Amino acid sequence: VNTFINNADFAWEKARNSSGLFYEDWSGIKQGRDKWLLQQAALVEIYGRIALLKGEKE
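Quick note on our numbering: the sequence shown kicks off at 2 and runs consecutively.
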């Protein structure tokens, strides 16, 4: 679980464009598609799940 969280945090820091949209390559090496709605929604879902795992409210 911690590896998953670390990967999401790395993507937050290194794999976003100037508008804050995530690239499909979380390493940040290849920018690729950044306007793909499914990719953006996945990261929102991931951070929601992380909050649940950590027991955060709202």
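Calculated directly from the structure, the hints in this document are not laboratory data. Since the model is a prediction, treat every value here as computed from it, not as a measurement. We put the beta carbon where it would ideally sit given N, CA and C, even for glycine. Check the hints yourself; a few may be wrong.
[What the hints assert, rightly or not] Each computed DSS-like pair below joins lysine-lysine, with the alpha-carbon atoms no more than 25 Å apart:
1) Lys15 x Lys55
2) Lys36 x Lys55
3) Lys15 x Lys31
[As the list claims (entries may be wrong)] So the derived label-pair ranges between C-beta atoms look like this:
4) Gly49 x Thr4: 14 to 22 Å
5) Gly56 x Gly33: 28 to 36 Å
6) Phe5 x Gln32: 21 to 29 Å
Going through the hints against the structure:
no., hint, verdict
1, Lys15 x Lys55, "holds (23 Å)"
2, Lys36 x Lys55, "violated (29 Å)"
3, Lys15 x Lys31, "holds (11 Å)"
4, Gly49 x Thr4: 14 to 22 Å, "holds (18 Å)"
5, Gly56 x Gly33: 28 to 36 Å, "holds (34 Å)"
6, Phe5 x Gln32: 21 to 29 Å, "holds (22 Å)"
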